[in-house]
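Bring the two chains, given one by one in their own frames, into a single complex with the hints.
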Amino acid sequence: MLKNICVTQLNFLKSASSLQQQVRTTFILKRKYEPLLHKTNERPRPMRPKHFIYELVEDTQVKKRPNMEVVLKTFVEGVGDKGDVVSMKPHFVYNKLLLPGLAAYKTPENIAKYAKTDAEKSAVKHSSAYAQRTVNMLETIVLAVVMNKDEPWVLEPWHIKASLRKAGFHCKEECITLPKERIEGPDLKKESKDFQCIITINKLEQATLKCRLHHWSTDPSERLPYVLEHWKMQSEPLLDVGSPEKRP
Amino acid sequence: MQSILSSMRALALRQPTGDAVRRLHLTAISEAARKGTREKARKKKVKVEVKKVGFIPHNQRDKKINVKRADKHVDDSWKQVSKDDVYVGRYYRWPVYSVAEAIQCHRETHHPSMYNVPNAPLNVEIELNMQGEKATRFVDNFQRMAMIPHKFEHGEERKIIVFTKGNDEILEAREAGASLVGGVELIKDITGGELLLSDYQFIIAHPNILPELVALRGLMKRKFPNPKSETLGANLAEMIVKFSSGISYSAAKDEYQQNFGLITASVGPLDMDAQKLEENLKHLLQDVNEMRPKREGRFITRVLLKSPPSSEQLKIDPFVYVPEMWDKSSAKVKREEAKKQEEPVETQEAVAAN
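So the protein lines, in turn, are chains V and H.
My numbering puts the first residue of the first sequence at 1, with every later residue one more than the last.
My numbering puts the first residue of the second sequence at 1, with every later residue one more than the last.
Do not rely on the hints blindly, as some may be mistaken.
Facing chain V, from chain H, some residues (calculated, C-beta under 8 Å) [said to hold, decoys possible]:
(1) Lys83
(2) Asp84
(3) Tyr87
(4) Arg90
(5) Cys105
(6) Pro112
(7) Ser113
(8) Met114
(9) Asn116
(10) Pro118
(11) Val241
What the hints contain is simulated information worked out from the structure, not anything from laboratory work.
Just so it is clear, CB atoms sit at the ideal spot from N, CA and C, and this is done for glycine as well.
Chain H on its own, in the form it takes in the complex (with noise of 0.2 Å):
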């Protein structure tokens, strides 16, 4: 019994001889696998080569860097206000003008005395929070039109072309001052290339051309007329007064700060008449309004009038002219209307189908 335990014990702690062991890893299939894994391996460490960076000067560093830059929506609120009639503006409240008085101010300094410049332009920064429903979405840059009640003038070429049919709107087109009126044979004159459309900047048309109009769709590309950009409708001398005379501005969100958004455009010169400017002020203020995205709070978050070459800039407060907040139960109102609109055509059609 000893005996057969003491030679278990001998062939448990019997060691492999190391020839054994060698001949296992050394076949030759075996050596060139591990050959293939270490060629794999070399290959996979890649040598990290540090690249020594000089010194480089700071504005010509990558502007993508990640700087803490200063929130552009400036915030005084907790300023106090000044009950002085005399006082150093930097430790208070920035003022806010009514319109008619920032613009007596930019006469002031504007007047023949000082600038001599009384018919500067008479700008308008509109700044604006771009922020969309969500916190990570954002309003996209958008151009538009404003139309405004009272023409000036804004020194940029606009050439205006309108498609239609009918002899009186034609007629109608031609007073309200479009560039080019025409109808069939304009289409013809375009197709042939005698006429080239990038020489107008809009092209307005009327709904009883739209069929024959189809065919420019490729030249025009996004320049077709369609309702939701205004350019297509039964009412041409609206359209074209707006497209004439109307303040063409448009919202860029900041490169750094994505729900920054600035609209600077003019609203007229300076020595038009204050209650003209104003309106005209307002209708655009209106106009930018209506891109409101469907969330709280504001929209329009500052409005500074401004006029070159003084680098004044006044406050204003737009909420005379728009509403502040976002109003949910109006936009369900409209939203109603919009339907309650819809459904009778339907039922008529239906009755019609009947």
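Next comes chain V alone, as it looks inside the complex (with noise of 0.2 Å):
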């Protein structure tokens, strides 16, 4: 009996392995000025005033804490998926992980509950962390497709992806999906118009992204005048170019 609550008592302490924190308002202090020593077996000298004045060695409440290591509950953008013991800031890991209930701190019996089943795992929801981030900024942005306004072209998924590129998205070629039709140029007609394309990440999340077709000239003299802002622009979408379907 005794030795069963004993057990039980125990468990309890153990979980709380990350709480044991030391109260943060320590300073270490030095003797500005040392006293002196004392002869042998006599009574030490007393203190003078000047014995009493210390210099700050360390404030232990502007210490950066070092990060804190939990286990996510479920998937958490940016953060990682269900299972994953990651290690972030303590502020973060406080205000946005454990309050929320998304995680929990990190001991061995935390680690085995929320590890991931087999079923969940087939289950693929998320391809990585960052993916949804990725998802979403594609899809805020209006990507500028600068084609040419003397030359003839077509527009090609390696547009797309060289446009990506200025624009700070690295991305390969087989990841976007184009339009059914082709969209051909140069055409003035066909200016800041509007066409959709898709993106897919690690080949399961999927982002339209709106891209705005802009013509240049190589001799400036040739260039169309310069519109200010022209991504915060009301414009149409291009005629006859349907959207690509995302998959299911």
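Below, the structure written as structure tokens:
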């Protein structure tokens, strides 16, 4: 009986390993003037007021806290998948993961409890922790596709790839799905008209990317006048160009 | 006894009279002296005028002012490498392209269907850590000429004048593409003022004409042929090819950050064969690496490939072509080899003397 109680108590104590933190009000000080040594077998010399002047060595309150490790209970965008042990800044962990109940302290029990089951492993919903963020960002931008004003062209996936690279997104050619209809040019009727294409991330997540055609000439005198903040303007879709369909 | 004591006390306590004190200081000489010192003190005291400075716009303020500037050596190694096939560049480390890939990327943006400048120059920006052997010492700005295996139109006017005596060498130099080749008669023309040396960017000489060429030292000044800058040597054709087709580049230290140096040079037009461009780049990097100071750590820190009018800059790995770190042992071996080469000459001379 007594043994059982002891075991449960011990288990209670076990889970609290990450809570063992020193109270953060410690100031480490150093004496400015060292008191003199006293003679053997004699009383120490009385301390003078100057011996009570201290210098601050370290204020533990402003010290950077080490990262904290937690186990995720569910998929968290930009952090990780269920069952992942992640190490992050303590304030982020506390406010964004522990308080909303998305994660638990890292203990052997919690790791076992929140590990992914086989059924969950087979049903993949997210290819990586950051794919959803990429999807969100791709869906907010209006991609400027700058094509030539003088030479004939037909839009191809690598045009989108190069335009995305100019905009700071890196992607492979096979991830881009263009509309089925051919988009040809140069055609000034198509200037600053929109079309949509689909970007597939890790062959799983799909994002609809809004693209806007622009015409550019190598000769500066031939160029179209610059429009300030053209991506904020209202625009019309390209005629006869449908949007590619997302995978169900 | 009492009376003597009291009289002595009176003597000791008696104050000198005011008259006596005044007389002590008010002599004519001392007054003059004091007047001088007062004048001196007055002169010493310079009235500090506080100038009122109105508001100066930020762009007109002194640029030497101690502003905290961002370190030009960009280090993004703390960022993670993306495992996804589509990612947002700003959250991750810069992608490192191979030279062929980078050229392909530039060709895409310069394709007739986009920018339509397929023959744009492929520029390379080499960032250097200019710190010398000591932390407070820096490598000087340098200007060099890198020899490249594949010629291209660099668009600069480079006229080369060659001084040599032998008929064979004159022919050889002409064939290699020198603008003007000549011997003693050329030196006479120059001293006579019929020919201007300033029309020629490069002056090359064969050692056989050196004694006569000394007459032109004052005219040439720093351009005087010397083996260190590889303008004096027996292999004329190679030198001429180097100076007519090589890449001329200069490394300049940053105005505010002494340990940051930048080289901007072109390695060829974008429509040149990718392999040839890569070889040119390799030779340029190897030439730059010869200026490496004898210290630990990297000299070339980052290499970017650029091509106008696109503003894209693609990072490539230079350490495929040049060693990343300074090899202490190899430097030692080189020095020993040089010593060995010198020694036999000396011994030969000694033998000849005997």
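The hints, checked one at a time:
1. Lys83: holds (6 Å)
2. Asp84: holds (5 Å)
3. Tyr87: Since the shortest Cβ distance to chain V is 6 Å, the answer is holds.
4. Arg90: Because about 6 Å separates arginine 90 of chain H from the closest Cβ in chain V, which is inside the 8 Å limit, the hint holds.
5. Cys105: holds (7 Å)
6. Pro112: Interface hint status for proline 112 of chain H: holds (4 Å vs cutoff 8 Å).
7. Ser113: holds (3 Å)
8. Met114: holds (6 Å)
9. Asn116: Holds, about 5 Å.
10. Pro118: violated (10 Å)
11. Val241: Violated, because the Cβ-Cβ distance from valine 241 of chain H to chain V comes to roughly 34 Å (cut-off 8 Å).
The earlier numbered hints that this structure contradicts are 10 and 11.
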